[in-house]
Every structure is written in structure tokens, then in C-alpha cells.
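A.B. asks: In order, the protein sequence lines correspond to chains A and B.
Numbered per the numbering used here, the first sequence spans residues 2 to 208.
Numbered per the numbering used here, the second sequence spans residues 2 to 208.
Just so you know, the hints here were simulated from the structure itself, not pulled from any lab data.
Source: prediction; values computed, not measured.
A few of these clues could be false.
It does not matter which identical chain is used: a pair holds within one copy or between any two.
Unchecked claim - Taking lysine-lysine pairs in the DSBU-like style, the calculated list, with each CA pair at most 30 Å apart, reads:
| no. | residue 1 | residue 2 |
| --- | --- | --- |
| 1 | 82 | 45 |
| 2 | 174 | 157 |
| 3 | 82 | 189 |
| 4 | 193 | 82 |
| 5 | 208 | 189 |
| 6 | 82 | 208 |
| 7 | 208 | 157 |
| 8 | 21 | 193 |
There are 2 protein chains.
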Amino acid sequence: MARIITISREFGSGGRELGKRLADELGFAYYDREIVTAIAEKTKIDEDLVEHTLETGPRTMVPLTFGHTFDYIPEFPSESKRILGDQYDVIKSMAERGDAVFIGRHADVILESYKPLKIFVYAELLAKIERCRERAPEDEHLSDRELARKIRQVDKGRSASHVTVSDLAWGDKVGYDLMVNTTEMDLKVLAKALAEYARHFFESQGK
Amino acid sequence: MARIITISREFGSGGRELGKRLADELGFAYYDREIVTAIAEKTKIDEDLVEHTLETGPRTMVPLTFGHTFDYIPEFPSESKRILGDQYDVIKSMAERGDAVFIGRHADVILESYKPLKIFVYAELLAKIERCRERAPEDEHLSDRELARKIRQVDKGRSASHVTVSDLAWGDKVGYDLMVNTTEMDLKVLAKALAEYARHFFESQGK
């Protein structure tokens with residue numbers, strides 16, 4: 002059975018980069034945006050709507066108000082259902098291909114039978130704001146307060162979406178094997194440390 | 002500057018054993034009950050009262066009702082003050098002696114200037130009940146519900162005590178570098194994995 006690592010992450014915590022580096026350290030496949038693309042191809046639904054549905058869940062198609070922009074994405078119950086159903090198939094077929102790191106998209110719940118190493122990545126708010134500034138030039142015009150609001154809003158969506166697949170709250174420590182604080186941490190070093198941790202974790206499962 | 006690891010832990014999560022094994026893996030000193038003994042010697046106050054004050058804080062000298070036994074420990078404000086003051090001195094002088102693992106007793110807060118690796122150890126309730134049964138023959142007569150109550154009560158004390166030294170809640174992930182779930186995990190394997198993690202962590206600090 003494949004060795005699977007799932008990364009759930011607060012927006013701006015660096016979880017995506019950490020997951021990519023971890024996959025490279027271990028020689029594992031890495032699935033992130035690829036999941037969205039595969040679902041969009043399968044369902045013939047626009048990638049942005051797929052991404053939004055996965056991030057916020059079918060019942061939370063809320064207005065998006067980041068900074069000075071305003072977008073409204075209406076509900077599409079039948080599309081939502083197809084997206085969420087195909088998400089299971091897509092993620093499961095990816096896991097069948099072998100060892101992999103999955104970023105978000107409920108892989109921690111969907112791949113439970115693999116006994117994955119479930120990691121939750123978080124950081125202090127100010128560290129997340131700083132990381133957002135460094136990584137997302139499109140948010141350049143946002144004030145710290147607006148960025149903080151965006152972070153809260155994205156995480157609120159992830160939290161709402163998580164409710165649709167699990168009884169445990171998103172970010173509730175009981176749902177994860179390891180919670181990692183990236184505040185002030187070098188992600189390169191963290192990835193090496195987590196790779197060692199993962200090797201021991203899987204060895205103890207006889208993998 | 003010494004490499005310091007602090008272990009905060011839910012009652013029954015195996016944090017103490019994990020910390021001991023981690024100290025052995027790394028060749029670090031290990032301070033647990035030793036902290037209580039040193040404070041008792043310094044203050045000339047009974048070890049049990051020292052332990053209780055450290056576990057529940059000075060303002061929470063609550064009746065202890067575990068199972069069918071009932072104990073009441075009255076408040077001793079002046080003793081409390083001496084115990085909590087000496088706790089700082091004792092823990093700091095232990096840290097000055099070199100690399101070490103500290104179990105509980107607010108070492109994570111007291112030794113903040115060492116930039117310690119702060120670990121919080123937790124587990125699912127049923128796993129904690131099972132561990133309590135294995136490790137504490139004196140609780141043999143307690144039902145699962147009574148054990149669950151004891152776990153909650155001890156952790157409530159730790160939580161109340163933490164408030165006296167930190168603005169962050171006990172168990173709030175922001176206060177720790179790493180949160181480790183011991184449910185279904187072999188503590189020997191976990192200790193090895195955490196030792197590797199710690200080596201990388203301290204290397205990144207140039208230690």
C-alpha cells in the first residue's frame with residue numbers, strides 16, 4: 002500500500018511549499034492544483050468553480066470580498082455534487098499510483114484507509130501576513146488588516162468545506178498526526194525534518 | 002546556549018514516556034519529577050503540595066475528587082508564591098547545565114529565551130483511558146467514565162495553571178512548535194522520529 006502524506010494548511014502558513022519540498026525530499030509524487038485540473042477535465046466544469054467548490058463546500062457559495070474587489074459566485078448544486086463526487090475518484094486513483102503528498106482537498110479524510118501521515122500546517126497571524134506579502138504580488142495593494150481578513154475568509158471556507166466530509170472540525174488536533182508551526186521556521190529545514198519523521202512513521206506501519 | 006526541548010502533555014497521552022525516550026535518544030538530561038523535588042528542597046515545602054501547586058496554579062486549590070476518594074487541599078498563598086517563584090530559579094539553573102528535555106512545569110514559558118523546541122503531546126480520549134489503565138494500577142478500580150473525568154480534571158488544572166504564566170491558552174497550537182498525536186503510535190518509534198526532527202530544528206538555529 003502506498004505511503005501517503007496529507008497536508009492541511011492555514012492560508013499563508015507555507016503548507017504548500019512545505020509539502021512540495023517534503024515530496025522532493027522523499028521522492029514522492031506531489032498533488033496540489035493537479036487535483037483541481039483532473040476534476041475539471043473529468044466533469045467538464047470550469048477549473049475556478051471546481052477550486053472554489055473544493056475550498057468552500059457546496060453550501061457555502063458566499064460572496065467573495067477581498068480588498069476592494071467584489072465577486073459573487075452563485076450556487077450550482079448539481080455541479081457541486083459532481084465536483085465533490087469526482088474528487089473522491091480522482092484522489093483515490095492518484096493514491097493508487099504510489100507514494101504521494103496531497104495538499105488539501107480533503108485527502109486526509111478521503112484516503113483514511115491508507116493510514117496516511119496527516120499533517121496540519123499553521124503559523125502566527127503576523128507570520129502568515131508576511132508570507133502572503135512575499136508570495137502573492139497580486140495582493141500588494143491590500144493593507145495588513147485586509148490581508149488578515151482574506152486569511153480568515155479562506156480558512157473559514159476550508160473549515161466550512163471540511164464539515165461536509167468529516168465529523169471533526171478542520172484544524173482540530175485530534176484529526177491529525179502532527180501539527181507543525183512554521184512561524185520563524187526555514188521551510189527547507191522543516192521539510193528535511195519532516196521527511197525523517199515520515200520515514201519513521203511509515204516504517205512503524207511496516208511500509 | 003543549551004538545546005532545550007519542552008514537553009507539554011495531556012494526561013494519559015504518554016508525553017512523559019515520550020520525553021524520557023527522546024532525552025535518551027539525544028543524550029539530553031531529563032527533568033520531570035526532579036523539578037518538584039528540587040523546589041521542595043529549596044522551599045522546605047512538602048513535595049505533594051509543590052506538585053499540586055505547579056499542576057493547578059495558586060488560585061485553583063480545588064477539592065480533588067477522583068473516583069470514590071475525596072481530598073481537600075486548602076490554599077496557602079504565601080507557600081504558593083514561594084513555590085512558583087522558586088520554580089523559575091530551579092528550571093533556569095537546570096537549563097544552564099546543558100541540553101535537556103523538560104516535562105511540563107511551564108518550562109516552555111520559563112525558558113522562552115532559549116528558543117526551545119516546544120512540543121505538545123496529545124491523544125484521543127479512548128487512547129488516553131487505555132494508557133491510564135496500563136500505567137496506573139492505583140486507578141484499577143475506576144470505571145472508564147471516572148478515568149475520563151480524572152483526565153479532564155488533571156488537564157483542567159494544567160490549563161488553569163498555565164494562565165498564570167502565559168497569555169496563550171494551554172494547548173493552543175500557536176504556543177508550540179509541534180503538536181504530536183500519540184494515538185495508535187509506538188512511543189519508541191515516535192521518540193526516534195522526534196529526535197531526528199529536533200536535530201534539524203536545532204541545526205537551523207546554529208546549535
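A.B. asks: Indicate, hint by hint, whether the structure satisfies it.
C.D. replies: Hints, verified against the model:
1. Only within a single protomer do residue 82 and residue 45 lie at most 30 Å apart by alpha-carbon distance; the minimum there is 13 Å, versus 68 Å between protomers.
2. In this assembly of identical chains, the alpha carbons of residue 174 and residue 157 lie at most 30 Å apart whether taken from the same copy (17 Å) or from different copies (18 Å).
3. For the identical chains of this complex, residue 82 and residue 189 are neighbours neither inside a copy (38 Å) nor across copies (44 Å), given an alpha-carbon limit of 30 Å.
4. For the identical chains of this complex, residue 193 and residue 82 are neighbours neither inside a copy (38 Å) nor across copies (44 Å), given an alpha-carbon limit of 30 Å.
5. In the homo-oligomer, the alpha carbons of residue 208 and residue 189 lie at most 30 Å apart both inside one protomer (25 Å) and across protomers (17 Å), since each shortest distance falls under that limit.
6. In the homo-oligomer, the alpha carbons of residue 82 and residue 208 never lie at most 30 Å apart, since the shortest distance is 35 Å inside one protomer and 52 Å across protomers.
7. With identical chains, the CA atoms of residue 208 and residue 157 are never at most 30 Å apart, being 35 Å at best within one copy and 38 Å at best between copies.
8. For the identical chains of this complex, residue 21 and residue 193 are neighbours both inside a copy (12 Å) and across copies (24 Å), given an alpha-carbon limit of 30 Å.
Hint check: violations occur at hints 3, 4, 6 and 7; the rest are consistent with the structure.
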